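Chains as they are written, first to last, in numbering that gives the first Met the number 0: chain A, 0 to 296; chain B, 0 to 296; chain C, 0 to 296; chain D, 0 to 296.
Some hints could be false.
Which copy? The list can't say, so a pair holds if one copy fits it or any two copies do.
[Claimed, not checked] No more than 30 Å apart at the CA atoms, straight line, and that leaves these computed lysine-lysine pairs for BS3-like:
hint : residue 1 : residue 2
1    : Lys240    : Lys1
2    : Lys110    : Lys72
3    : Lys110    : Lys240
4    : Lys110    : Lys291
5    : Lys120    : Lys110
6    : Lys72     : Lys140
7    : Lys34     : Lys1
8    : Lys240    : Lys221
9    : Lys291    : Lys1
For the record, the hints were derived by calculation from the structure and aren't laboratory data. What you are looking at is a predicted structure, and each value in this text was computed from that prediction instead of being measured.
There are 4 protein chains.
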Amino acid sequence: MKLKIEGIFPPIATPFADGRVAHDRLRENLERWNKTRLAGYAVFGSNGESVFLDQEEKLALVDTVKENLPQDKLLIAGTGCESTEATVKLTNLAAERGADAALVVTPHYYKGNMDNAALRKHYLRIADESDVPILIYNVPKFTGISVVPELVASLAEHSNIIGIKDSSGNIAQVGEMIATTPPPPTFHVLAGSAGHLLAALGLGASGGILALANVAPDECCKIFEDFRSGRYAEARELQLKLLAANKAVTAQFGVSGLKAALDMVGYFGGDPRSPLLPLGENQRNELREILKGAGLI
Amino acid sequence: MKLKIEGIFPPIATPFADGRVAHDRLRENLERWNKTRLAGYAVFGSNGESVFLDQEEKLALVDTVKENLPQDKLLIAGTGCESTEATVKLTNLAAERGADAALVVTPHYYKGNMDNAALRKHYLRIADESDVPILIYNVPKFTGISVVPELVASLAEHSNIIGIKDSSGNIAQVGEMIATTPPPPTFHVLAGSAGHLLAALGLGASGGILALANVAPDECCKIFEDFRSGRYAEARELQLKLLAANKAVTAQFGVSGLKAALDMVGYFGGDPRSPLLPLGENQRNELREILKGAGLI
Amino acid sequence: MKLKIEGIFPPIATPFADGRVAHDRLRENLERWNKTRLAGYAVFGSNGESVFLDQEEKLALVDTVKENLPQDKLLIAGTGCESTEATVKLTNLAAERGADAALVVTPHYYKGNMDNAALRKHYLRIADESDVPILIYNVPKFTGISVVPELVASLAEHSNIIGIKDSSGNIAQVGEMIATTPPPPTFHVLAGSAGHLLAALGLGASGGILALANVAPDECCKIFEDFRSGRYAEARELQLKLLAANKAVTAQFGVSGLKAALDMVGYFGGDPRSPLLPLGENQRNELREILKGAGLI
Amino acid sequence: MKLKIEGIFPPIATPFADGRVAHDRLRENLERWNKTRLAGYAVFGSNGESVFLDQEEKLALVDTVKENLPQDKLLIAGTGCESTEATVKLTNLAAERGADAALVVTPHYYKGNMDNAALRKHYLRIADESDVPILIYNVPKFTGISVVPELVASLAEHSNIIGIKDSSGNIAQVGEMIATTPPPPTFHVLAGSAGHLLAALGLGASGGILALANVAPDECCKIFEDFRSGRYAEARELQLKLLAANKAVTAQFGVSGLKAALDMVGYFGGDPRSPLLPLGENQRNELREILKGAGLI
Numbered sequence: 000m001k002l003k004i005e006g007i008f009p010p011i012a013t014p015f016a017d018g019r020v021a022h023d024r025l026r027e028n029l030e031r032w033n034k035t036r037l038a039g040y041a042v043f044g045s046n047g048e049s050v051f052l053d054q055e056e057k058l059a060l061v062d063t064v065k066e067n068l069p070q071d072k073l074l075i076a077g078t079g080c081e082s083t084e085a086t087v088k089l090t091n092l093a094a095e096r097g098a099d100a101a102l103v104v105t106p107h108y109y110k111g112n113m114d115n116a117a118l119r120k121h122y123l124r125i126a127d128e129s130d131v132p133i134l135i136y137n138v139p140k141f142t143g144i145s146v147v148p149e150l151v152a153s154l155a156e157h158s159n160i161i162g163i164k165d166s167s168g169n170i171a172q173v174g175e176m177i178a179t180t181p182p183p184p185t186f187h188v189l190a191g192s193a194g195h196l197l198a199a200l201g202l203g204a205s206g207g208i209l210a211l212a213n214v215a216p217d218e219c220c221k222i223f224e225d226f227r228s229g230r231y232a233e234a235r236e237l238q239l240k241l242l243a244a245n246k247a248v249t250a251q252f253g254v255s256g257l258k259a260a261l262d263m264v265g266y267f268g269g270d271p272r273s274p275l276l277p278l279g280e281n282q283r284n285e286l287r288e289i290l291k292g293a294g295l296i
Numbered sequence: 000m001k002l003k004i005e006g007i008f009p010p011i012a013t014p015f016a017d018g019r020v021a022h023d024r025l026r027e028n029l030e031r032w033n034k035t036r037l038a039g040y041a042v043f044g045s046n047g048e049s050v051f052l053d054q055e056e057k058l059a060l061v062d063t064v065k066e067n068l069p070q071d072k073l074l075i076a077g078t079g080c081e082s083t084e085a086t087v088k089l090t091n092l093a094a095e096r097g098a099d100a101a102l103v104v105t106p107h108y109y110k111g112n113m114d115n116a117a118l119r120k121h122y123l124r125i126a127d128e129s130d131v132p133i134l135i136y137n138v139p140k141f142t143g144i145s146v147v148p149e150l151v152a153s154l155a156e157h158s159n160i161i162g163i164k165d166s167s168g169n170i171a172q173v174g175e176m177i178a179t180t181p182p183p184p185t186f187h188v189l190a191g192s193a194g195h196l197l198a199a200l201g202l203g204a205s206g207g208i209l210a211l212a213n214v215a216p217d218e219c220c221k222i223f224e225d226f227r228s229g230r231y232a233e234a235r236e237l238q239l240k241l242l243a244a245n246k247a248v249t250a251q252f253g254v255s256g257l258k259a260a261l262d263m264v265g266y267f268g269g270d271p272r273s274p275l276l277p278l279g280e281n282q283r284n285e286l287r288e289i290l291k292g293a294g295l296i
Numbered sequence: 000m001k002l003k004i005e006g007i008f009p010p011i012a013t014p015f016a017d018g019r020v021a022h023d024r025l026r027e028n029l030e031r032w033n034k035t036r037l038a039g040y041a042v043f044g045s046n047g048e049s050v051f052l053d054q055e056e057k058l059a060l061v062d063t064v065k066e067n068l069p070q071d072k073l074l075i076a077g078t079g080c081e082s083t084e085a086t087v088k089l090t091n092l093a094a095e096r097g098a099d100a101a102l103v104v105t106p107h108y109y110k111g112n113m114d115n116a117a118l119r120k121h122y123l124r125i126a127d128e129s130d131v132p133i134l135i136y137n138v139p140k141f142t143g144i145s146v147v148p149e150l151v152a153s154l155a156e157h158s159n160i161i162g163i164k165d166s167s168g169n170i171a172q173v174g175e176m177i178a179t180t181p182p183p184p185t186f187h188v189l190a191g192s193a194g195h196l197l198a199a200l201g202l203g204a205s206g207g208i209l210a211l212a213n214v215a216p217d218e219c220c221k222i223f224e225d226f227r228s229g230r231y232a233e234a235r236e237l238q239l240k241l242l243a244a245n246k247a248v249t250a251q252f253g254v255s256g257l258k259a260a261l262d263m264v265g266y267f268g269g270d271p272r273s274p275l276l277p278l279g280e281n282q283r284n285e286l287r288e289i290l291k292g293a294g295l296i
Numbered sequence: 000m001k002l003k004i005e006g007i008f009p010p011i012a013t014p015f016a017d018g019r020v021a022h023d024r025l026r027e028n029l030e031r032w033n034k035t036r037l038a039g040y041a042v043f044g045s046n047g048e049s050v051f052l053d054q055e056e057k058l059a060l061v062d063t064v065k066e067n068l069p070q071d072k073l074l075i076a077g078t079g080c081e082s083t084e085a086t087v088k089l090t091n092l093a094a095e096r097g098a099d100a101a102l103v104v105t106p107h108y109y110k111g112n113m114d115n116a117a118l119r120k121h122y123l124r125i126a127d128e129s130d131v132p133i134l135i136y137n138v139p140k141f142t143g144i145s146v147v148p149e150l151v152a153s154l155a156e157h158s159n160i161i162g163i164k165d166s167s168g169n170i171a172q173v174g175e176m177i178a179t180t181p182p183p184p185t186f187h188v189l190a191g192s193a194g195h196l197l198a199a200l201g202l203g204a205s206g207g208i209l210a211l212a213n214v215a216p217d218e219c220c221k222i223f224e225d226f227r228s229g230r231y232a233e234a235r236e237l238q239l240k241l242l243a244a245n246k247a248v249t250a251q252f253g254v255s256g257l258k259a260a261l262d263m264v265g266y267f268g269g270d271p272r273s274p275l276l277p278l279g280e281n282q283r284n285e286l287r288e289i290l291k292g293a294g295l296i
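Only chain A is shown next, with the shape it has when bound in the complex (with noise of 0.2 Å):
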């Protein structure tokens, strides 16, 4: 049976205090997020901070949101590292435990040597190797790369990866992977980011990772649903009515930002780990402005 990954998942925060994971404010994130119409959560993804995690700190995440966790949603978890053979491990691990599908990013220290080739070998034998499917990550704006579309195309070929998720923001590139792979449930093309949802929906994208989905779930669901309902006029508003907001917790104010805002929307964000600084007060009266203006709060 193939898994659908379809709808709006949101790569979860991973809340800190004194330093350690806040489990117990976990808990009541999802508490929260369980009762909206997401799809699933995303665990240590690059919104959760996955680079300051260590592996036991990662396999606790998908403990606590596995038990947490309603029969209809799915876990991803962010399992892709620099090296092969640990992103097969840790991939394997998180599997164990409960994730549905792991979220692979691109290894990207050495981005001279990360051609095609590398890449594909890359994947493959991960894909070979891996007890759960696999969704290619491409984040150019963290690792420098980009992965494209002829590199997905072969890709999909392989049964055990079965989407991509692409943050570049660039729709002429998501639409030739849609154009490309054969579509959902064997491979699906998911937004990277929510300010080209609806952009990416219009092309044929299966759903969305969004990091806006952590702080305004209803509203990413509402412009998939919308979306899929037909209810063209009211997806578009909606969706031009987020930008700022998601801008504000993307490129604007990162990490430090989302967190921040999901403080401000009532969930509990906190601080990130160093070396990232939590917002200054001026940051954080210009977030709250924004997701004023976007309803939010």
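Guided by the hints, dock chains B, C and D onto chain A, whose structure is given.
Frame of chain A; chains B, C and D shown alone:
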């Protein structure tokens, strides 16, 4: 009375023969384009090899297009120069010869100094002194700089700045521009590439100035009309089908590819000026296959 | 007889008054520069606001400099245009008016197409048809492209291509160019910024075409002479002392900063053409402190 | 007593066999390197495939190098992690096992947020809490960010931050760092690539941490010694001769090239970990010719 910039405009290729502008060939091309639903033409934009033309050649192009322009079509001239004064001068000369509006690329040689203050002053002075309305032209792949939505919103307050052609392909940014500027005919946000035409229309763009519309005018117009008429599935299907062809005549093979494609679909393309190199035989074969795949030949 | 390009050349700023080139002010500047050991002048390079000048203005600059040029100094003209043909034409007009050599910036608007084959053909044709020798001008910060050493080595085989001004600041690349081209006077590698003058000389560069030499001609010449005479410690000390001033008149404040600095050290600088903005008062104060720190005022 | 970081250090390659660190092979390499005038070793830097090693493997590398370290050589460990806390922890574990200093790469996943304030706080806290002195590691080609001289000057005031390895190749910036920090042994500016070794020494650098020193330790040391002894012409000649080989084992072929080169010159190199691909036969042949040209085989 306000100028309405709506629908599809090709930034037309400039035909050369024996090193000079081939006005007879241009007339033949116009004769064919005139039979389509194109909303008008942009002369000497990036795809018209503007940087290879001298002022006399540019004005002669305005003359030829104007002489062959049906009453219901608009003539837009790519008058942006590096200096503010030269831009004003060329804009008004083009206006005198019949241009309806001017497309003004961001000055970019001194990229490091082209901050919002410099660009703002540049565009405001041009808008103040121009005899025709101004469209901002944002094309980072050629200029190395990108106009931010905040600046666009501010410039949109000037009554003689009536739109922007955005070729960045950053669809979230296109959305922000639409969300923060007045609707047409006060301000028009136009897709700058067929690769994001449907996505831009979906957010409220009023049309596009598209290299691909040189070789596929009917198809580009059909996407616009299908979208406007609510035939969304047809629009999407055609958009996806054209992506590879669009990439071929822009990022992949550039102006040389656009001209070769014109030749292949029955217009006159010819060779670009040096230092652009005409396509080699292998490239031509690859291009031909792509155009066939898109149903253009 | 081969032209020897050795020592320090300022790419001179173009003085404006009431929007026109102020030839009288230029003559005054030249009178002062002529008393230094500068090896000559480069007119209408990047620092001469070449992109804001029309052809007539450029040729008038050649005239004025030529009329005021001591016999032992060289006159280099920045004749690179986007098109090959325009470059040849301007080069030969400048040569006719007395330019000794031409500095030809890489064409760059169509960056994606300016591969080695296109650049090679461009430079070879210019070299073939030019009445004076050609210097390649590599300035990635303005052009967005960089000439690779392999191409330089290949172009160096043409007898009319006698050197390169490298402003990339990539000193390993400068070294590779020196290692793979014939020594002066067959081929000259010239530092394109005072920031890497000593480093380039240390690897075998024959001099530099340096914005800073506008305002600190004696100091730039002294680094060259100290190095050539084996006074290495003095050269190093002066090089380090000038770094902040060099950055101020290039990357930090650009041409506007260069012109403000000229005013501060007793030359005529004046304002740049629009869209470049003159420095604000705070910037001027910061610049003044930097020049003081470098011992230039 | 202050630690003096002077001379040439290779960031040593990590040998693997059957997927595990091959400590016996490392011992053989160290035996040969120990006979040279290398000033010490950097373990698990970029060239040591740090991002592919887990903590246990890293500490085992410290052990093996420490056991085979002559008294007059230093051991530097590449302990930079994305999180501040993880960096402190790894640094102190490495110090406990015998590392003399730590090389701390800039955190970089969240590039957009790594402004001077964030980087400053990160380094100061590490410096405060580390049991050994800290060297900043600036390597934009891998990290996508660059440390500015102003930040370096500010960090140099901390007594436990004793230098920087600069791999940017921006020689003017290296000069600025030297001009604005105290001289060794308070603060050391080190070339991060053999491509700018001589240039950096000429401005006052105290040495280099150089990938090329893995395969050409004697030659790199000779440049340093020739320069220090005033044999400038010899230093220059050797510097130019090594440029192509240096490029081959860095930008051109990366870590895979470095390891292949080690095999070719008689050390053990072996294959890199996946996703890095070993060189193909054509690449090996090209590399061999380059090493021959540099007189290394």
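A quick look at each hint next to the structure:
1. Lys240 with Lys1: between (35 Å within a copy, 27 Å between copies)
2. Lys110 with Lys72: neither (35 Å within a copy, 32 Å between copies)
3. Lys110 with Lys240: between (36 Å within a copy, 27 Å between copies)
4. Lys110 with Lys291: Between copies only: 28 Å across chains, 40 Å inside a chain, cut-off 30 Å.
5. Lys120 with Lys110: both (15 Å within a copy, 27 Å between copies)
6. Lys72 with Lys140: The answer is within: 29 Å in one copy meets 30 Å, while 40 Å across copies does not.
7. Lys34 with Lys1: Only inside one copy: lysine 34 and lysine 1 sit 25 Å apart there, 50 Å across copies, limit 30 Å.
8. Lys240 with Lys221: both (13 Å within a copy, 29 Å between copies)
9. Lys291 with Lys1: Answer is neither; intra-copy 41 Å and inter-copy 34 Å both fail.
The structure shown violates the earlier hints numbered 2 and 9.
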